[in-house]
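There are 2 protein chains.
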Amino acid sequence: MAAAVAALVIGLPVQADDIRATGDLGLVVERETGSLLVVDQSDRAAIGRIEGLGDLSHASLVYSPDERFAYVFGRDGGLTKVDLVTQTIAGRVMQAGNSIGGAISDDGRLVAVSNYEPGGVRVFDADTLEMVADIPTGSKTVGLVDAPGRRFVFSLWDAGETWIADLSGATMEIVKIEGVGTNPYDALITGDGRTYIAGLFGEDGLTALDLWDGAPSPRHVLPGYGKGEENLPVYKMPHLEGWAQAGNEFVLPAVGHHEVLWIDARDFHETGRTQTHGQPVFAMARPDGRQVWVNFAHPLNDTIQIIDTLTKQVVHQLTPGPAVLHMEFTPRGNEVWVSVRDAGKIIVYDTRSFAKLAEIAAVSPSGIFFTARAHRTGL
Amino acid sequence: MAAAVAALVIGLPVQADDIRATGDLGLVVERETGSLLVVDQSDRAAIGRIEGLGDLSHASLVYSPDERFAYVFGRDGGLTKVDLVTQTIAGRVMQAGNSIGGAISDDGRLVAVSNYEPGGVRVFDADTLEMVADIPTGSKTVGLVDAPGRRFVFSLWDAGETWIADLSGATMEIVKIEGVGTNPYDALITGDGRTYIAGLFGEDGLTALDLWDGAPSPRHVLPGYGKGEENLPVYKMPHLEGWAQAGNEFVLPAVGHHEVLWIDARDFHETGRTQTHGQPVFAMARPDGRQVWVNFAHPLNDTIQIIDTLTKQVVHQLTPGPAVLHMEFTPRGNEVWVSVRDAGKIIVYDTRSFAKLAEIAAVSPSGIFFTARAHRTGL
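Sequence lines, in order, name chains A and B.
Here my numbering is used: the first residue of the first sequence is 1, the next is one more, and so on.
Here my numbering is used: the first residue of the second sequence is 380, the next is one more, and so on.
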């Protein structure tokens, strides 16, 4: 699109070949340089770079429903709106001092950010980035996700509560759920938007909420899952977005052990364990659920293992290179893109033959985000 | 985009406001006029019309991975490639005399069409529309779907077989499964691409194949489901794309009765029935699985009923108007678009308040297809 846009700006004729639709594009976070690499899945290539994003440590992003704009959540409190078509920054606000992720409402009209300092959630108009709601919580606020019905769900580290903010009506309504547990540090929502699961730093186990219930009550699940007696620091606790749903089961990284756990998606009972190469960071299910790809914590983070869902056995192992930080499947699962930070590249693999299809240069790449996320809940 | 494209062609500068991304677009089949209405979900509006598609009776379409192109399968054997950006026909071939649907491979490179006459499947290069494979079957060929791994699956009406064509390697491989049942007339594949289910015209029940099995064997399921003793004509048999998966269950139209059936998605045993206003045609699950929207056969086809998944009770009823033919949810389920053929319009509803949000004029609209289908298996 870069060629097309340049021509548009100076008024030259543009060939049809210069038009590039956005359904197969993506963004790769380049943390050290505060930039985003724009990539094209079909061409297996980088097609541009957007700079000036600020501090992109642990940055994440969401997409607008038309797959044209991304909203990038920086650790420094910056909320940046990026235009994939023109490959420019369309808007940027410093909305807090220290933030920890965001979400977009199911209708694509509202973008929410959760903040440590000042603690709470702020909601912005997706078009203008004007603030439309401020929800102070008096606590570090974590685990923010979107839920169906123009709702956002998030948890309070200090208070051990989960709040549901409903912005579907003329006035915002907030449901506060107490007794979620000691120091929730992260959360996920299932792909159907029904179940919210919070990880706990201050005790073992996790807390599940059924959002289909008008008044959800906390349910303690996986009582053996957590920091246990090892007293791990927060940054060693697994990110819950590292959970994957594969068919009828969730696959999740064990805490502090070289294994992944399998649990039944209906009732959360454990159905198996698979020994792995190292301490898993992400266990990502291929979209059809037949395979789970796992990467590992330092110093074993040069490796990926592929587990077959039916047998729960490791069926293949790859060594992409130093510091494999993230993996993103193409929407229908035929390929996977892997960021290898310290090799300065992204590697594209065929998920069936495991053949390497392409390498793409990138500056210290971390998170990879394809635009198909626009159409999913909780991504 | 029309304005932008016109400017491109004659070399005038284009404003950023003229750019329109395709992630929230869709096409509505206008059967009588052989045209497609281009619609924008975010604007809840028609933004153009593409004409010259030929016979669009029972037409369906699939999208390219970049959500720019649609491949339209006409009943007259026409395969037409449509460009959503320029709103023009990008290519068209008459590939057979009488065809019945198509599919696109998971990598987006191949488009397949199933034909009655001559019976078989033909596979085309998605870019050029050149034929790359011809698979004569000696039978009317139905129930064509795409499956992960560059495969197409389809069934033979006359032979009672299902074939799996694998185009992932240098040479095409075909697995033929016999004993599928008498006169398969339609089929579906589950969203994870694992289970292929064929409906049978010549006997009661359906046949399920587990595509994760290297050598799938036919499994007879729902033995009471079918034409029974009523000897219904083929056109009265329910289209299997009218099945919906809602959470842990499938919901499907009963044959010849005013009810929908609920079956367990893991083992296909019946879990319940819901009495309905008429004989159901489509039972469509809202993407979060909490609601199922049902429309009905003539003469009760002015009505829609909404069923709650938890209680299996009808919770709301709407009367959009004469001949409600199809419903399509926005990808995250906040809205649903309904084609009301004999009222010449599409109606957009909020799926929670059931409020009517918009009406859009269309010429005898039938199928509605949003571009988000590009990222899904079997759609």
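One thing to keep in mind: the hints can contain errors.
[What the hints assert, rightly or not] Below, a list of computed lysine-lysine pairs in the DSS-like style, where the Cα atoms sit at most 30 angstroms apart:
| no. | chain 1 | residue 1 | chain 2 | residue 2 |
| --- | --- | --- | --- | --- |
| 1 | A | 356 | A | 312 |
| 2 | A | 345 | A | 356 |
| 3 | B | 555 | A | 176 |
| 4 | B | 735 | B | 724 |
| 5 | B | 691 | A | 312 |
| 6 | B | 691 | B | 735 |
Hints in this document: simulated from the structure, not taken from any laboratory.
Hints, verified against the model:
no. : hint               : in the structure
1   : 356(A) with 312(A) : holds (24 angstroms)
2   : 345(A) with 356(A) : holds (13 angstroms)
3   : 555(B) with 176(A) : violated (57 angstroms)
4   : 735(B) with 724(B) : holds (13 angstroms)
5   : 691(B) with 312(A) : violated (35 angstroms)
6   : 691(B) with 735(B) : holds (24 angstroms)
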